[in-house]
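A.B. asks: Each chain, letter by letter, is given below.
4 protein chains.
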Amino acid sequence: MIVVMKNKAEEKDVKKVENRIEELGYRAHTIQGTNKTVIGIVGDLDRRELVESLGGYVEIEKMVPIQEPYKLVGRTFKDTATEIKLSDDLIIGGKKVVIMAGPCSIEGEEQIMETARAVKKAGASILRGGAFKPRTSPYSFQGLGEEGLKLLKKAADETCLKVITEVMDPRDVELVGRYTDIFQVGARNMQNFYLLKELGHAELPVMLKRGLSASYNEFLMAAEYIMSEGNYNVILCERGIRTFEDYTRNTLDLVSIPVLKNLSHLPVVIDPSHGTGDWRLVGPAAKGAVAMGADGLTIEVHPEPAKALSDGQQSLKPAKFESLLEELEGIAEVSGRDL
Amino acid sequence: MIVVMKNKAEEKDVKKVENRIEELGYRAHTIQGTNKTVIGIVGDLDRRELVESLGGYVEIEKMVPIQEPYKLVGRTFKDTATEIKLSDDLIIGGKKVVIMAGPCSIEGEEQIMETARAVKKAGASILRGGAFKPRTSPYSFQGLGEEGLKLLKKAADETCLKVITEVMDPRDVELVGRYTDIFQVGARNMQNFYLLKELGHAELPVMLKRGLSASYNEFLMAAEYIMSEGNYNVILCERGIRTFEDYTRNTLDLVSIPVLKNLSHLPVVIDPSHGTGDWRLVGPAAKGAVAMGADGLTIEVHPEPAKALSDGQQSLKPAKFESLLEELEGIAEVSGRDL
Amino acid sequence: MIVVMKNKAEEKDVKKVENRIEELGYRAHTIQGTNKTVIGIVGDLDRRELVESLGGYVEIEKMVPIQEPYKLVGRTFKDTATEIKLSDDLIIGGKKVVIMAGPCSIEGEEQIMETARAVKKAGASILRGGAFKPRTSPYSFQGLGEEGLKLLKKAADETCLKVITEVMDPRDVELVGRYTDIFQVGARNMQNFYLLKELGHAELPVMLKRGLSASYNEFLMAAEYIMSEGNYNVILCERGIRTFEDYTRNTLDLVSIPVLKNLSHLPVVIDPSHGTGDWRLVGPAAKGAVAMGADGLTIEVHPEPAKALSDGQQSLKPAKFESLLEELEGIAEVSGRDL
Amino acid sequence: MIVVMKNKAEEKDVKKVENRIEELGYRAHTIQGTNKTVIGIVGDLDRRELVESLGGYVEIEKMVPIQEPYKLVGRTFKDTATEIKLSDDLIIGGKKVVIMAGPCSIEGEEQIMETARAVKKAGASILRGGAFKPRTSPYSFQGLGEEGLKLLKKAADETCLKVITEVMDPRDVELVGRYTDIFQVGARNMQNFYLLKELGHAELPVMLKRGLSASYNEFLMAAEYIMSEGNYNVILCERGIRTFEDYTRNTLDLVSIPVLKNLSHLPVVIDPSHGTGDWRLVGPAAKGAVAMGADGLTIEVHPEPAKALSDGQQSLKPAKFESLLEELEGIAEVSGRDL
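From first to last, the protein sequence lines stand for chains G, U, E and B. Counting from 1, position 143 in the first sequence corresponds to residue 143 in full-length UniProt numbering; the numbering is continuous, with no gaps. Counting from 1, position 231 in the second sequence corresponds to residue 231 in full-length UniProt numbering; the numbering is continuous, with no gaps. Counting from 1, position 96 in the third sequence corresponds to residue 96 in full-length UniProt numbering; the numbering is continuous, with no gaps. Counting from 1, position 1 in the fourth sequence corresponds to residue 1 in full-length UniProt numbering; the numbering is continuous, with no gaps.
Mixed in with the good hints, there may be bad ones.
What the hints assert, rightly or not - Cross-link-like lysine to any residue pairs, in silico, SDA-like; alpha carbons within 25 Å at most:
#, chain 1, residue 1, chain 2, residue 2
1, G, Lys-261, U, Glu-18
2, E, Lys-8, G, Leu-72
3, U, Lys-78, U, Gly-43
4, B, Lys-120, B, Tyr-232
5, B, Lys-120, B, Gly-177
6, B, Lys-197, B, Ser-228
7, U, Lys-36, B, Thr-76
8, E, Lys-8, E, Glu-61
9, G, Lys-62, E, Arg-75
10, G, Lys-12, U, Met-113
11, E, Lys-162, E, Met-1
12, U, Lys-16, G, Lys-36
13, G, Lys-317, U, Glu-18
14, E, Lys-320, B, Ser-228
15, G, Lys-71, U, Lys-78
16, E, Lys-36, E, Asn-7
17, G, Lys-15, G, Tyr-26
To be verified - From the structure, some residues in chain B lie toward chain U, with a derived Cβ separation under 10 Å:
#, residue
18, Asn-7
19, Glu-10
20, Lys-12
21, Ile-31
22, Thr-34
23, Asn-35
24, Thr-159
25, Lys-162
26, Thr-243
27, Phe-244
28, Asp-246
29, Arg-249
Hints listed in this document are in silico derivations from the structure and should not be mistaken for laboratory results. C-beta atoms are modelled at their ideal positions from N, C-alpha and C, and glycine is treated no differently.
Using the sequences and the hints, build the whole thing.
C.D. replies: Right, here's the structure in full:
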C-alpha cells in the first residue's frame, strides 16, 4: 500500500500518518518527492481493510494498493493450473475444452431428455439447466424447483452426462447438492457472500459467474470467499459485462481469459449465450473463446427455441450446436487442446 | 410489445409470428412499412416473459417492450406519493426530508453511543449502522453480528432515534427484525431475489439500495419483488452507479430522483457517502439531493473517521455533519420542504 | 510515479529499471516490501510520457502516477478561482450564477429573435445557439452556417445579450470569432487537439464540454491544451457522461462540480438539457447544479419545441424557463450566490 | 419509427400527433393497446431527425426507431462484402487476413527501417506508424510530422510494404495523402465530422477506428459520413471500448466482428494492441480475432519497447511478433482464411 499525501502536507502531518502506520504494526517508508510525499507501507498486509481506515486522515490524498488483495486464488499461492476432476476422463482445467450445454430452464421431461440426448450426441460432457431461475421480474417463470432438479438428474444419468445447475439461496445448497455435480452461482449472486460461504463448505465444485459490473479483482475476491472456507474447486465463468453498448445483451469480455489465467490458477469457462444474448453470435464468440484459451464453454441449447420459456433468442438448435462443435474442434487442435 | 421483423421477412414469416402471438392469447396488429414490418401485440401482457420467447424465431429482428414491466411500484397503479409512517411525527415520503446518520459499522458501545448522541443533537431522526457487513474481501471486518444489533438498538433507544440496518441473508430477517425499524438491502443484494421475497413477508419497511449497474427498470422490478409479496413499504435509495470514472468511488446519479419520482410513487433517499466515497464531496452531494427533491439522506458519521474499521474516508465528523444539516435547512425551505 | 515490479523480480531486474530511471534524469527510490518491490521516481516529471515508456520492461508489473498530469489548470498552479470577465457586470466564475440559454440550432430569424427576447426577459445573460451542428447522421440538419451566426449576433445585439456558439473545425475559428463572445467546444471534439490548439491562440474565452466518456483527468488535460497555447480563459462544462443507463440521454455527473473545483481554478458550467435529454428533468437538474456550486447553466429554450429541427424533447418553453429561473434564485441565495 | 404515447393520452392528443406526422409527409398507423397507444410512422424516413422533433410534444412518452439510421454502410444497400484492393495481391476484406504492423510513433530512421524489415520478414503487408500523434497531454511527444511521414514512406518502399498512418486535422489530408496508402482516423476523431467529410472526398481508403464509447450505430454512422461524400473504401477498426474495468487499457469488444459484419458489408480490422494495452494480451486477443472472422489486424511492434516514446507497454518485439503470426496461420487455416 502506498499512501499519497496532499500537496501541502507538512512534516508533522507525515509524521502523524507514519506513527499510525507503525501503531498498526507495519513499517512506514517515506519518499519525499519534488511536489508530493508518498509513504510505502511494508509488512504482511493481512489487515488490508484496517489500513484503509487511514483514509479518514484529511492530510492524505489517496491510497494506492500495490499487492493483489486475494491470496488463495492467486498465482503467488499456487502457480500450476488447477484441474477439477469430475470423473476419470472429465477434468476441467486440463487439456480438454469441456462443453456444458442444455436449456436455460428445465421446462419438462420431454424437453430436457431431448436436449440431453442431442448435446451428448454432439459431444458435450455436462448437462446444464436451471431449476431455480433468477428473473428480473417476479411475474416471470421462476423454474420448476426440485421437480426440475429431478428431471435434470434423470436426463443426465440416462445419457451419461454430468450435471451443472444454479443455486440461489444458501438454504438450498444441501437440496441442490443432491442432484448436481457442479454448483453454479449466477452473476447476480456473485457477491451474495452468505451463499459463497455456504458453498465454501460444500463438497462439490462451484462455477462462479462474473457479476455484471464486477472488476477482475472483485471477481477473484468472490472466488476467494469460497476458497477461504475450504472449497478449492472453483471455476471462473465470464458471461459478459454491462457497458454502454446495448445492441448485444452484454459485452463479452474475451480478453478476461488470458487476464484471469495470468492472475489466477483457476479454470476459466466462457458463456457465449448470455455473453451475447443472440444465437447468431454464439458461434463466433465460442470460436474466439477456444482460440484464446478457455477451459470450457457453457452454451444454451433448446430443441425448439421459439417456444422456450426463457432465453429463446440466445439458444441454439441441436443441429446448429452439433456443427459448431465440429468447427471448434479444428480451433482446439491448432491451439494444442482437445474438444 | 412491438415485434420488428427482419428486412427480408416474407408474408409467410409474418403470418407464422402472428399465429404464434394469437396462440398465446393476444391480438397481433401488423404495420407494413416501406422496408420493415412491425407487429404490435395487444392484450393484457401479464405473461411478458412468455412473449419474449418469441425471440427464438429467426425471422424476428428484435422485440421492443412498450409497457413498463412493473405494476405495483408504478404511477399507473398508484398516483399519490407513498408515505411511510415510522411514528406520529416521522414520515418518509412526506414534507420532511428525513436524515439517517451513523457509522458504516458498529464497532463498539462507546462509538455507537457517541455517534447516536451527536447525530441526534444535529437533527437526524434515524440511526444507521451495520452489524452484518458485505465486504469485498473475506478477510475484512465482517461486523459484530447480533452483538452489534443490540448496541445499535440500545443507542437508538437512549437517544429516541429510529433504527435502520442491513440484512444480507434471508435466514437473518427474523433476527434483524427484532432490533431494527427499517430493513436495509445493500446494493450487492438488490437482485438477491430470495432475500427480497422474504422481506416481502416482513412487517417492517425496507430501504432498497440500487445495484451498482442496475437500470431504473431493474431497480423498480426489485422493489416490485418485495411489493408483490405484500410489503408495500419500500424506500428506494440511490447510492451511486459504476461508470468508467473512478476518481470518485461511484458516480452518484442525482437525476434518478426526478426520474424515479416520475415513474414510481415510492419515496427516494440519497446516500451521498457511498455515492461519492469522499467526505469532502458529501456536503455538496447532499445539497444537490435536497434541491432535487430527495425524501431523505443517509450519511455516514463517525466520531473519529481516521480510526474507523471501514469507510473512514467517506465519513463526516459530528461537527461537520451538524453544520451541513444547518446548510441543508435553507435549501429544504426554499424547496418547500422541512428538514 | 511509482513503478511496481513483478512479484518475482530479482535484484538485477530492479537494478536495470533503476538505471534506466537515472539515465532519464530522475532519482530512483526503491522500497523492498514483503512480496513486492516498488520504485518511486523523484524529480521534475515534465517528461511524463517518456517515463511511461518504461512500460516496455517485462519485469515491471505496472506504473502508478502520483502527480496530477496537468499544470496550468490545477490548483497547485493557481489557487484562486478564475474569473472570466465578459463585461463590467458579467463575470463567469464570480458570485453570479450565469445563465446561457437559447435554442439548440438557429433555425431562422423569427425563431432566434423570439427566443432571445424571451430568455433576456427571464434573466439570462448569454444567448446560445448552434450554427454549425455536430450531428450523428450526415443526413440530419447541419445548421445554417455563417447565415446562422449573423442571425444569432443580431438577436443578441438587439437584446443586449452576449453570444456563445460552437466551433467544430479549426479552419472556422476566425469566422466564428467574428460573431461570438465565447467559443463552445462540443463533447465530441473535446480531444480534437488541433481545434484546441487553434483556440489556444484565440482572444476569446472557450467553454469546453466534457467528452462522453472523458475522465476528469482527460477533461482537465484538454483544457490544458488550450491554456498551454496561451488562452487562459477556459470554462469547463459538464453535460452528462455515457453509462449503461439509457433511460436518460446521458448520466449527468453533478458531483463533477465540487470535484473539478477541488482540482482546478476554472469555472464550471452545467448543461442540464443535454445532461438529461428530457425537458421534464431539466428543472430538477438545474436546481441541483446551483445548490452544488455551479458557476453557470446552459439551457435549451425553444419557442415551439414540438417543431424544433433538433433536440425538441429537451427544450423548455419560454414560460417554463422563466419560472425555473425564479425557483433557482431562491437556491442561489441560500447558497451565497446571485442569479 | 414508433411513437409511444403517454399512458393517459386522450384521443385528441393522438390526433394531434397523427396530424403532425401527416403534415411531415408520412402516414400514421395507430394501434390502440390495452394501456398504451402507439403510432407507427410509415414512409421513406429520410428526414429522420425532423421526425425526432416530435419529441417536443408533451403527450409523447418516447419514440422508438425501427429502421437502422444508416444507408450506404448497411447490408440493405449492398449485401456482398466490400473488398478494398491495395494491389493485385493485397485485398482487405478478401480471403487473406491482412496484417498491419509497426511502431506506435515513428521516432527516427533507424527505428522505422528496422521495424519495417522485421514486420515484412514476419509476414505483414502494411507498415503502420504515427507521424501526427493524438496525445492526452500537450506536453507529450506529438510525433515527427511530415519528417516522420517521409521516413515511413521510405521504409515501406524499401521493404515493399504499403503504408497506413493517422490524419488528425482536415487541413492535413492532402499532405498525409502524399505519403500513405490508407488514411487512419483515430478513436478520438471518430466523430470529427469535418475530418470525415474531407476524407469522403479523398481517393484513398480510410480505416476508421471506433470511438471509446461509440455504439455500433454511431460507429456505422461515422462511416456513413465518409461514404456519403463519395469515398466507399472504408475499413472499420475495433480498438477497445471504455468500460468500468480498468485493469486493461480498454475492453476489446471482439463480438463486434460478427455484429458489424451482420450489419454492414465493410471489412473489419481488430487492434489488439490498443484494445488491451498490454503486450502479454496481444497474442491471445489476435488469435480470438482471427477465429472470429476479422479481416485484418493492426499490431504495434517496436524493436526496443522499453525505449519507445509511446505505448511501449503494448508493443511486441519482432521475434514475438513473428512467432505470433505463425500461430495465427493455423487458426486462419481452420477458419477458411489465409494469413
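A.B. asks: Please go over all the hints and tell whether each is borne out by the structure.
C.D. replies: How the hints compare with the structure:
1. As the CA atoms of Lys-261/G and Glu-18/U are separated by approximately 48 Å, the hinted pair breaks the 25 Å bound.
2. Proposed proximity of Lys-8/E and Leu-72/G is supported: the alpha carbons are some 17 Å apart, at most 25 Å.
3. For the proposed pair Lys-78/U and Gly-43/U, the alpha carbon gap of about 21 Å is at most 25 Å, so the pair holds.
4. A threshold of 25 Å between alpha carbons decides the hint, and for Lys-120/B with Tyr-232/B the separation of about 28 Å lies outside it, so the pair is violated.
5. With a CA separation close to 22 Å, the supplied pair Lys-120/B and Gly-177/B stays within the 25 Å bound.
6. About 8 Å separates the Cα atoms of Lys-197/B and Ser-228/B, which keeps this hinted pair within 25 Å; it holds.
7. Restraint check: the Cα-Cα separation between Lys-36/U and Thr-76/B comes to about 11 Å, which is no more than 25 Å; the hinted pair holds.
8. A threshold of 25 Å between alpha carbons decides the hint, and for Lys-8/E with Glu-61/E the separation of about 10 Å falls inside it, so the pair holds.
9. With a C-alpha separation of about 17 Å, the suggested pair Lys-62/G and Arg-75/E falls inside the 25 Å cut-off, and the hint holds.
10. For a cut-off of 25 Å, the pair hint linking Lys-12/G to Met-113/U is broken: about 31 Å separates their Cα positions.
11. For the hint pairing Lys-162/E with Met-1/E, the CA-to-CA distance comes to about 44 Å; that exceeds 25 Å, so the pair is violated.
12. Of the supplied pair hints, the one linking Lys-16/U and Lys-36/G is violated, its CA atoms being roughly 70 Å apart against a limit of 25 Å.
13. Distance restraint check for Lys-317/G and Glu-18/U: the Cα-Cα separation of roughly 22 Å lies within the 25 Å cut-off, and the hinted pair is therefore satisfied.
14. A distance of roughly 40 Å separates the Cα atoms of Lys-320/E and Ser-228/B; the hinted pair therefore is violated under the 25 Å criterion.
15. With a C-alpha separation of about 51 Å, the suggested pairing of Lys-71/G with Lys-78/U is violated against the 25 Å cut-off.
16. A C-alpha spacing of about 6 Å is found between Lys-36/E and Asn-7/E, which places the hinted pair at or below 25 Å, so the restraint holds.
17. Simply put, Lys-15/G and Tyr-26/G have alpha-carbon atoms about 14 Å apart, close enough for the 25 Å limit, and the pair holds.
18. The interface hint given for Asn-7/B is met, as the beta carbon of that residue sits about 6 Å from the closest beta carbon of chain U, less than 10 Å.
19. At its closest, the beta carbon of Glu-10/B sits 16 Å from a beta carbon of chain U; the interface hint therefore is violated under the 10 Å criterion.
20. Violation of the interface hint for Lys-12/B is found here, the shortest Cβ-Cβ separation to chain U being roughly 21 Å, above the 10 Å cut-off.
21. Look at Ile-31/B: its Cβ gets to within about 4 Å of chain U, closer than 10 Å, so that hint holds up.
22. A distance limit of 10 Å between C-beta atoms decides the matter here; for Thr-34/B the minimum to chain U is near 6 Å, and the interface restraint holds.
23. Contact between Asn-35/B and chain U, as hinted, is supported at the beta carbon level, the nearest pair being about 6 Å apart and thus within 10 Å.
24. For Thr-159/B, the suggested interface contact is broken, since its CB lies about 39 Å from the closest CB of chain U, more than 10 Å.
25. Taking 10 Å as the C-beta cut-off, the interface hint given for Lys-162/B is violated, the closest approach to chain U being about 35 Å.
26. Evaluation of the Thr-243/B hint against chain U yields a held restraint, the C-beta minimum of about 6 Å falling below 10 Å.
27. Against a cut-off of 10 Å between C-beta atoms, the interface hint on Phe-244/B holds, since the closest Cβ of chain U lies about 5 Å away.
28. Here the hint on Asp-246/B is kept, as its CB sits about 6 Å from the closest CB of chain U, short of 10 Å.
29. Contact between Arg-249/B and chain U, as hinted, is not supported at the beta carbon level, the nearest pair being about 12 Å apart and thus beyond 10 Å.
In this structure, the earlier hints numbered 1, 4, 10, 11, 12, 14, 15, 19, 20, 24, 25 and 29 are contradicted, and the remaining ones agree with it.
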